[in-house]
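> For reference, the chains in residue letters:
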Amino acid sequence: MFELLAYLLTSRKFNIMHIFALLGWIKCVDTTVSSLTEAVPTIVASALLELEEGDVVRPLVAQVPFPGAGVVHNTPFIQKLTSEADDALTAQALDAGTSDETSPSAATVGVHGGYVQLKEIAQLATLDDMAAVAGMLVGQCVVTRRDLDLVTLFASLTTNQGAAATNIAPADLYDAYGSLRLYFSPLPYHLILHPQQIWSSVGLISLFDNSADAIQTQGPGTVGEDFARYGYAGMALGFNLWADANIVLTSYNGSGAAISRQAIKYVQKRGFRIDIEGDAANVATKIVGTEIWGEAILRNKHGNEMQFDTV
Amino acid sequence: MAKKKFTRTELETQVGELQEQINAQATIPSGDGTMDRYMKEINDINKKGRVDSNKIQVIEITDHKNISLWTKAGKRIGPLHPHNARKTFELFWNMKIQLSATQPTPEQIEAYKKTSEYKKIMEALARSRAIKDKSRKSGQMEKLTAAIARLTGVKPEEISNVFKAHDVKTLSDTHNLK
Chain A
5 MFELLAYLLT
15 SRKFNIMHIF
25 ALLGWIKCVD
35 TTVSSLTEAV
45 PTIVASALLE
55 LEEGDVVRPL
65 VAQVPFPGAG
75 VVHNTPFIQK
85 LTSEADDALT
95 AQALDAGTSD
105 ETSPSAATVG
115 VHGGYVQLKE
125 IAQLATLDDM
135 AAVAGMLVGQ
145 CVVTRRDLDL
155 VTLFASLTTN
165 QGAAATNIAP
175 ADLYDAYGSL
185 RLYFSPLPYH
195 LILHPQQIWS
205 SVGLISLFDN
215 SADAIQTQGP
225 GTVGEDFARY
235 GYAGMALGFN
245 LWADANIVLT
255 SYNGSGAAIS
265 RQAIKYVQKR
275 GFRIDIEGDA
285 ANVATKIVGT
295 EIWGEAILRN
305 KHGNEMQFDT
315 V
Chain B
38 MAKKKFTRTE
48 LETQVGELQE
58 QINAQATIPS
68 GDGTMDRYMK
78 EINDINKKGR
88 VDSNKIQVIE
98 ITDHKNISLW
108 TKAGKRIGPL
118 HPHNARKTFE
128 LFWNMKIQLS
138 ATQPTPEQIE
148 AYKKTSEYKK
158 IMEALARSRA
168 IKDKSRKSGQ
178 MEKLTAAIAR
188 LTGVKPEEIS
198 NVFKAHDVKT
208 LSDTHNLK
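Which chain is which? The protein sequence lines are A and B, in order.
Note that the first sequence covers residues 5 to 315 in our numbering.
Note that the second sequence covers residues 38 to 215 in our numbering.
Think of the hints as simulated: they come from the structure by calculation, not from any bench.
Accuracy of the hints is not assured; some may be wrong.
Claimed, not checked - Some, not all, of what chain A presents toward chain B, calculated at C-beta under 10 Å:
id, residue
1, P69
2, P71
3, L152
4, A167
These numbers were taken from a predicted model, which means no experiment stands behind them.
C-beta atoms are modelled at their ideal positions from N, C-alpha and C, and glycine is treated no differently.
All chains, full assembly: derive it from the sequences and hints.
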């Protein structure tokens with residue numbers, strides 16, 4: 005034993021502290037993990053808000069300011085006159101025809117908004133400006149509400165080019181364009197679909213795929229070229245193409261629309277406004293964002309429902 | 038010392054008392070340091086207690102309640118402003134399509150799908166889709182190939198027969214060059 009100790013000491017690879025540790029006379033103490041963790045601060049990055057679809061449909065429809073008195077905005081239709089086809093003199097008159105539209109188109113405005121009850125403790129305790137976050141939440145809520153009110157009108161259009169359990173075909177776009185043109189809809193025409201009605205194995209993009217098992221294009225400058233290169237085309241068969249995720253899908257089926265501007269009217273009574281008031285009882289601040297608007301089908305014949313599957 | 042004999046009734050009474058003692062102790066077990074017990078108590082604390090200081094409540098406000106209309110086949114139209122819903126109902130009624138403010142049950146939908154009215158609608162839709170779906174890309178290449186074959190007197194398989202990579206012979210194979 006002593007010879008071993010002597011060898012270890014003389015070998016100069018060990019010192020007396022090592023020997024004492026080997027003998028168990030001392031213990032080497034490590035810093036514990038827990039104490040280090042408690043000393044290291046946790047850095048919290050700025051919060052990210054959950055993303056939502058924006059204001060897609062409103063810029064595409066007829067926007068009607070409606071200040072002043074009244075809550076119902078009526079648009080009456082005057083029927084066109086048709087000339088007689090008969091050659092007889094007595095029959096050459098202008099007669100009132102039948103209207104293709106349902107008169108009047110009435111939109112009732114209502115209050116839409118959202119409010120956030122921002123607790124003072126939350127505001128004091130967070131690094132982010134919670135009042136700004138609250139404002140963004142309220143703004144997003146109002147914008148989504150408006151887009152939803154507009155897209156849910158699509159199923160009210162009486163002409164439907166699709167149906168349940170139906171995939172989009174090129175002829176649906178031909179017929180939609182023909183229908184809009186037949187009733188004198190002014191250009192531009194817009195095609196608003198759910199993203200999965202555009203980008204899916206049965207979506208619009210599949211109509212421009214030259215082959216079932218390869219991505220090919222029809223050549224430079226074609227719509228197929230745009231889809232193959234960018235995954236998107238701004239126009240297809242005469243329609244400006246828009247994707248709106250606020251279109252509701254039920255059983256992988258949803259109702260988009262092919263419209264001209266006057267298919268729908270959006271009537272605005274008052275723009276977006278933020279009101280702030282203290283809520284002393286709850287030690288909070290109420291941030292209220294509201295807007296007053298209404299929407300209605302204006303010219304039913306200037307829009308076609310496009311009800312198609314996504315898978 | 039003689040053993041005391043217990044009657045059946047006395048034994049059953051003792052068993053009942055012992056069971057009650059066990060049950061009473063089970064509600065507040067002591068010395069049970071298992072992970073299950075730990076997680077159970079933590080979950081109970083989270084459920085019974087409440088902290089709202091880290092919550093931001095967002096509430097949507099509106100002065101009207103939207104309503105959906107339903108077709109007999111269960112398709113939803115809306116939710117719409119009540120005035121828009123009334124207008125839509127009238128519009129479709131004039132087109133002989135009856136909508137309802139009440140969602141049909143699955144049984145009602147199934148029953149409607151067996152009616153002659155639904156079958157007529159589906160037949161008309163099938164005829165329309167048969168024409169429209171012909172316009173899809175599939176089949177067009179085959180039509181073109183068949184037309185070329187007819188004009189040239191060649192078999193369609195020879196026109197569109199594209200070799201796979203492993204079937205393609207190199208120049209040396211073709212001319213038996215060594």
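> Hints first: check each against the structure and report whether it holds.
We went through each hint and held it up to the structure:
no., hint, verdict
1, P69, "violated (19 Å)"
2, P71, "violated (18 Å)"
3, L152, "holds (8 Å)"
4, A167, "holds (6 Å)"
Taken one by one, the earlier hints fail for this structure at numbers 1, 2, listed in ascending order.
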